[in-house]
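Those protein sequence lines, which keep their order, are chains A and B. If you count by this note's numbering, then the first sequence holds residues 562 to 1080, one letter each, in order. If you count by this note's numbering, then the second sequence holds residues 83 to 450, one letter each, in order.
Derived by calculation from the structure, the hints in this document are not laboratory data. Errors might be hidden in some of the hints.
Computed list of lysine-lysine pairs in DSBU-like fashion (alpha-carbon distance at most 30 angstroms, straight line) [unchecked claim]:
1) B/Lys330 <-> A/Lys796
2) A/Lys939 <-> B/Lys287
3) A/Lys997 <-> A/Lys1032
With the Cβ distance kept under 10 angstroms, some of the chain B side facing chain A (calculated, not the full set) [as the list claims (entries may be wrong)]:
4) Leu173
5) Glu311
6) His314
7) Pro336
8) Thr340
9) Ser417
10) Leu428
11) Thr436
Here the structure is a predicted model, which is why all the values come from computation and not from measurement. A virtual CB, placed ideally from N, CA and C, is assigned to each residue, including glycine.
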Amino acid sequence: MVSKTICAALLGVDAALVQVEVDIGEGLPSFDMVGLLASEVREARERVRTALRNSGIFLPSGRVTINLSPANIRKEGTGFDLGIAAAILVALGLIEQEKAKNVLFIGELGLDGRVNGIKGVLPMVMAAAKKRVSMCVVSKDNVKEACLESDIKVVQVESIYELISKFQQEEIQGENACNIQKLIDENYKELSNKFDFSQVIGQASSKRAVEVAVAGMHNLLLMGAPGCGKSLMAKCIPGILPKLTSEECIEITRIHSAGGKNEFGNVVCNRPFISLHHCATPSSIMGGGINPTPGALSLAHGGVLYLDEFPEFPRKIIESLRQPLEDGEITISRVHGNFVFQTDVMLVAAMNPCPCGYYPDRNRCKCTEHEINRYLSKISGPMLDRIDICSQVDKIDSKDLQIVREKHDNRKTQEKSRDIRKRVEVAREIQKDRFKNSGIRFNSQMNPEDLKKYCSMDKETCGILNNAYEKLGLSARAYHRILKVSRTISDLRKEENITKESVLEAISYKVPDVLVGRQ
Amino acid sequence: MEEWMYWLWLCGLKGMWQGKMEKLFQYFHSPEEIFFATSKILQTTGIKYEDIEIIIDKEKGKKELEKNIRILKKEKIKFYYYGQENYPEKLMNINKPPYTLFVKGELPKKEKLCAIVGARACSEYGKAKAMEVAVNLAQAGIGTISGMARGIDSYGHYGSIESAGKTYAVLGCGVDICYPGENKNLYEKIAGNGGIISEYKPGTKPQGWQFPMRNRIISGLSDCVAVIEAKHKSGSLITATCALEQGKDVFALPGRTTDKLSTGCNELIRDGAGMIFDGREIIASLKGVTLDESAGIENVMTENIPEEQKRVYDFLDTTPKSLQNIVDEMESDVSKIRVILMELQLENLVFEVTNGYYVKNKNKKNKR
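In isolation and in its complexed conformation, chain A is listed as follows (with noise of 0.2 angstroms):
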C-alpha cells in the first residue's frame, strides 16, 4: 500500500504543495528518493533513517521507496523531513492514513530524531490554507509565524516521539490561533530604539522632513556635510515609523520567512529598516538565485530601506531600483517562472553635496563646478525625480554641542522620538480611513485617480501649483509628487482640503533644479 502525505516547496515568496508517497514493498533493502529532488532534499535519505532509528523505530528490510509530486518542480530545502517520516510512519502502521492524509508537515530532522525549524514556513502554510488542507504540522520553533494563518489548524511538534503520541490520540490538540493586534500592541510599546530623535541637536527643518515623509512613507533624500548627522537622523527613523496592520504584519512576516530572515519563525512586528552598504550586489539587493529569494528591497517592504552614501552605490544598481520604486513589486524571471515580491519600501537616501562634502562652504571646499555636477549626475534626473522629499542637514554650532549646561543655557530641549511618533500615527490614521478597502496604504501610493479624489483644493492654491509647474520646469510625475506630499502635510496638519501652505511647503521639498541638470 502506498501512504501518503502532505510537504510544501517554497517558490519564490509562494509555495506548492507538494505529496509525499512512500511505498514499502519487498525486495533487497534500498531506500529510494525520486522527483526532481535537489541535492539537501537527497540527503532527507539519511536524516530521516538514522532519526527513525534513533527513536525506536526500524524500518523493515524491503525496498522503500519515496516519490515527492508533482515531479516538474524541483524541490530545494530541508523542509521534506518531517512529511518524508511521517509518510513512512504511515506505511508501518503507526499512524493512521485517515488522519495524515490531509496533514501538511514542515520540519527538518535531526539525527536523534528532534524537529528542527526551516525558513519559509508562512508561505507554505498560507498556501496550504487556501489548498483547503485541514491540518500542519511544524516544529516549535516555527509555530509562532504558522500561527499567523488563521485557516488551519496548527500543531506542533518537538521530536518523531511527539508526532506518533500526538496522532495516536483521538483529538489532535492544535495552538491557539494568534492574536495579531495584540502581538503588534504588545511590540509597539517595547520597541526602544537606541538611537531617539532628542540625540539629534537642532536640524529642526530635517526633522520635519523626515516626520513628513515617514508620514506618508514618502522617498526622502538627506543632503549634508560628512558629519553633519545625517546617517544618525536616518538610524532615528525606525522609532517614529506608525504602527502595522495585521495584514501588513502577516505580507511582511511572510517575506522574511521565506528570506530566511525572520531567525526562524519570529512574527515581524515593526516595520523593517534595511540599511545597504553600497557594495552590495545587485542580485542581494533585487532577489537571485534560481529559486529566487527576495532581496533587501523586498525585505524593506511596508518599511524603509537606507542607502548611505547614495552616488556610491554604481550606477547600475541605482537605475534598477527605478521601476520597483514606482510599481512596488518587482517581477524576477528565470526559466521556470516569474516572480513577483512586493517593494513598497520608504527609500531614505543620505548623500553629500560634493565630492569633498562641503559645498557651498567655499572655505573648505574646493571642487570645482565640474566636478561637483560630475558628483552629483552620479545620481540619475529620473532617479532623483523618485525623491518627494528633499532636505539638508546642516553643520552644528559648536555652542549647540557643547555637553555643559550653563546656568543661563537657553537650549531647547529636543524633541523626543515618542512625541514626533504620536503626530504621524494622526495623519496615519487619516489615511488609513481614507483608504479603506482600496488597496493602499499610504499617500504615496495614490494614483492619479486617488489624486482626483482625495486632493481637493481651491482655486488659488491650484493657480500656484500650476504657476510652479511652469517655472520650475516639473514633470508630470513630480507634479503628482507634490500632490502626494501636500496631501500628507495636511494630514499632519489634520486638514480637509489641502491648503496653499502645504502646496507651496511641498514644492519645496522638491529636489532642487540644481541638482538634476546645472546650467
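With the hints as your guide, set chain B onto chain A.
Chain B in isolation, oriented as in the chain A frame:
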C-alpha cells in the same frame, strides 16, 4: 607666397613657440627671410640644430601650411600677424606681443573692454557678482574679455551674452578646441557675440603653461581688469600684474577678510586697486564720468512683497544661507519659512543654489 602665408608657415612649424620666434626675429626682419635662409645663417642665431632641420625641411613645412590653410577655411578662422594693418593696436605695445592671432568670430574693434577674471572654484557670491558686473557693463556698452575657464570667467561671459553685450575669450589652446569641454554652449555663444582668440595655431592642445601666457593677451586687449574672486597667489593675479605692467587700471571685488577666495582681491585693494561695488566704478572710470552719471542700475522692486517675506528677503544676501540658519534668525516655524522661501522663489526673488541653501537673486530678469 603672400606674406601672411609665410607667417602661417612659420607658426605651423613644430615647436615654434613665442620664445624661439623672438630669437629668430633678432636676426631676421620677416618670416620670408627665415623661409629663404640657409642653415648656415640659421646657425648664427643660436637656435638648436633640431629646430634648424625643421625650418630647412621645406616640403614638410609646405604640407603643414596647406593643411592649416584648409583648416582656417573650413572652420572660418581669421588669421592675423604682427605688423599687419588690422593687427590690434593695443597688442602692439605690450611686452612680448603675440606674433600670430587666430580668431573665431571677430577681433575687438574700437569698443571699450573690461577683463573679468577670477577663481575657477568660485563661490555663489563671486558668481552673482561676476554676472552683475558683466550685465551692468553691457548695459553701458562696455564689452568683456576673459579666458572662458570654469567659474568666474564663464559667468562674466554669460553676463555679457545675456544683456547682448560683446564678449571675447582668449584661449590657451587652439581656437577650434573648446576647453573646458562642458563650456561648449558658451563657446558657440561667444563666437557669435564677439570672438574666440588664440595665439596658438588651430589644433594646439591645452597645456598648463600656455594658460598664464594667454593672460597677457587678455589684459592687453582690455582697457581695465576686474578681479572678481582670487585666492592669495591666484593665477588671476597674473592678469592683474600684466595689466599693471601695461599701464591699465585694476579693479577688485572686496570680500570678507575671512574668506580665502577674497584674499587675493582684498590684497589688490590694499595695494591700491579700485574697488568694485556693482560695476559702475568701472563704467565711470572707462567713460570718464562720475559715479552718479554712470548707467543707473535697476533695483529689484521689493515694496510690493508682504512684510513676512520681506524680512526673509532682507536677511538673505549673495552668500548662501542655509534653511536652518534662516529659521534660527527668524525664530519661526520651519514649515512657515519653507512656504515663504517657496513664494519668493516663484517670484524669482530668491534662488536655491544647492539643496537647502538660498541666495538673493539680484538680477530679477536673469533666470539662472
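Hints versus structure:
| no. | hint | verdict |
| --- | --- | --- |
| 1 | B/Lys330 <-> A/Lys796 | 59 angstroms, violated |
| 2 | A/Lys939 <-> B/Lys287 | 28 angstroms, holds |
| 3 | A/Lys997 <-> A/Lys1032 | 36 angstroms, violated |
| 4 | Leu173 | 30 angstroms, violated |
| 5 | Glu311 | 9 angstroms, holds |
| 6 | His314 | 13 angstroms, violated |
| 7 | Pro336 | 16 angstroms, violated |
| 8 | Thr340 | 7 angstroms, holds |
| 9 | Ser417 | 5 angstroms, holds |
| 10 | Leu428 | 6 angstroms, holds |
| 11 | Thr436 | 5 angstroms, holds |
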